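S.K.: Take a look at the letters that make up each chain.
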Amino acid sequence: MAMMTEFEFKPPAIEVPDNTNEPQGAGACPVSESEAWEEGMVIRNLSAWYGSFQAIRDVNLLVGPRRVTAVIGPSGCGKSTLIRCLNRMHEVTPRARASGHVYLRSTDIYGNGADPVLVRRRVGMVFQKPNPFPTMSVFDNVAAGLRLNSLFSRRNHLADIVEQGLRRAALWDEVKDKLNRPATELSGGQQQRLCIARALAIEPEVILMDEPCSALDPVSTLKIEDLMHDLSTTYAIVIVTHNMQQAARVADCTAVMMMAEDRAGEMIEFSATSEVFTNPKDKRTEDYITGRFG
Amino acid sequence: MSAIAADKGMSAITYTRRKWTNTIMLGLCSLSAFLAIGILALILGLIVVKGIHYINLDFFTKPPRPVGESGGGVSNAIVGSLLIVGVAALIGIPFGVGTGVFLAETAGPRMAGVVRFTADVLTGVPSIVVGILVYSWIVLRMGHFSAFAAAIALAIIMVPIMARSSEEMLKLVPQSQREAALALGVTRWRTILSIVIPAARRGLITGGLLAIARAAGETAPLLFTSLGNLFPTVDFFGKPMAALPVDIYQYATGPYQSQHEQAFAAAFVLVAVVFFISLVSRLLLSRQG
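Sequence order for the protein chains is A and B. Residues in the first sequence are numbered from 1 upward in steps of one, following this note's numbering. Residues in the second sequence are numbered from 295 upward in steps of one, following this note's numbering.
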């Protein structure tokens, strides 16, 4: 990293698409507090640990409805930990714990009596590596959330929901003739969209995506990004990425995380994406997005 | 060759010594492997050569003839073994899988350590000790030998084997599968039942078959429990019952040539069954994934 400055390495500037004229849902950023309280998520003083190691410290963030919020930052800065706290998946890891408040439509998902199982039905998640259930067909994968939660009534009804999920995940046309084939026969990009369809089928309010394209080729990545754009007209989407170009392409708001001295991740900047990339307030953000480290 | 060795700053003697050490040690390892296989081949060969002549339809369909007379079969022991091992599997495998689920999915590291260690110790307990335990628990209390007592003894032997093998198989299921289900708002139990266990099903079946194979060959615990019986019976709780391993033991130690023949034939059948079960489980496992 130090070498880069020595050789006066100038990375290409990151292009922020000029979509100010494009109709963008309600993509305005910053999110107003009241909007986040009513329809999105409000994160207050969120800290998380693995055993005695603190992974993130006192993160505050507003996740607005009907827009994409990106979390960027160097490797190991706690991006994934943060997003996994938003549907209480963090605590699935042994010896992991979290403190602070995450309000989903004004209900604290870390409050007394909040059931992680119910939280996860409201906040869907897509993982880094596509993880369809290998023992199930394409159809059964999308239906899995409903079946395993016994949330459906009639078979027809289920078929409708599956079709709808696949359509919204822009996968229907590609798989409508192989709904009964094993999910593992699909390509990596299709599998990832299948996982998105699976998450959509349980009608979440927020969709979390933990580096959803890092295992995919550029064409599949583009498809997922288009999909995110479409989905952001309906859902609140939070995406973790360490691809800054991707954040610039898809996100309305961008949060930047950085490691502190003790390696705990802190949020150093949060504003409109164009603002973060063209006029960063924090020196470390500037260093990071110009490629001086990370 | 040695030119290259010299290039690397190695003397010719060192090079030669290393080369020979390598060859000799690898050769010794191969020899050990062949010895192990050779012994198995000897056992199988002996049983096949000595036993296969006496295999005929009567052997499978007829009960034993009176002592000293030749002919007759071991149909009662075959039925007995099937019943005892079958019931033992019905009791032992669910408990074993349950323990495996506990170890792989729900137990904290310390608790899992304790249970795992206990299971390993239980696997190592000589089977005759299990026989004595069940004898004092069930046989003495019921006042007579029974197939039921034998099934309990075999089930006890199967539980730790099943527990450890199912733990290993469940651990092979990627964490991402569990997280996928949990992230859909599925409870832990539903995740284990509908995602993890189906993903590991081949391995679990294999483990079950191997546990059955192991139990089918156990002799010592049966001596104290089902005892053996020259007459056919399906009275599971009330009467002693014959089983193949006990027949082999009793016939082989009997004074008559006809009994020795029967012992070898029964051994052949038992080995064939165990071999077949192992083969099926291997096939299943190789297709896992």
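It is worth saying that the hints were derived from the structure and are not from the lab. From a predicted model like this one, the values you see are computed outputs, not experimental measurements. Just so it is clear, CB atoms sit at the ideal spot from N, CA and C, and this is done for glycine as well. Mixed in with the good hints, there may be bad ones.
What the hints assert, rightly or not - Okay, the calculated beta carbon distance ranges per label pair:
(1) L487/B - K281/A: 27 to 33 Å
(2) A566/B - Y50/A: 52 to 58 Å
(3) P403/B - N243/A: 44 to 50 Å
(4) L487/B - Y50/A: 27 to 33 Å
(5) T184/A - K465/B: 44 to 50 Å
(6) D115/A - L573/B: 56 to 62 Å
(7) A159/A - M436/B: 41 to 47 Å
Stated by the list, open to error - Rough simulated footprint, nothing fancy, chain A against chain B, three-plus residues with beta-carbon under 8 Å:
(8) 464-473
(9) 524-532
(10) 565-574
S.K.: Run every hint past the structure and note whether it holds.
M.R.: Going down the list of hints, with the structure as the test:
1. Remark: the range hint 27 to 33 Å for L487/B to K281/A is contradicted by a beta-carbon distance near 50 Å.
2. Our hint of 52 to 58 Å for A566/B and Y50/A holds, since their Cβ atoms are close to 53 Å apart.
3. P403/B and N243/A have their C-beta atoms about 36 Å apart, which leaves the hinted 44 to 50 Å range violated.
4. At about 28 Å, the beta-carbon gap between L487/B and Y50/A stays in the expected band of 27 to 33 Å.
5. Taking 44 to 50 Å as the suggested C-beta distance range, the pair T184/A and K465/B does not conform, at roughly 21 Å.
6. Remark: the range hint 56 to 62 Å for D115/A to L573/B is contradicted by a beta-carbon distance near 48 Å.
7. For A159/A and M436/B, the Cβ-Cβ distance of about 57 Å falls outside the hinted range of 41 to 47 Å, so the restraint is violated.
8. Counting residues of the segment 464-473 of chain B whose beta carbon lies closer than 8 Å to any beta carbon of chain A gives 5, which reaches the threshold of three, so the coverage claim holds.
9. Counting residues of the segment 524-532 of chain B whose beta carbon lies closer than 8 Å to any beta carbon of chain A gives 0, which falls below the threshold of three, so the coverage claim is violated.
10. Given a C-beta distance limit of less than 8 Å, the hint that chain A covers the segment 565-574 of chain B is violated, as 0 residues qualify and 3 are needed.
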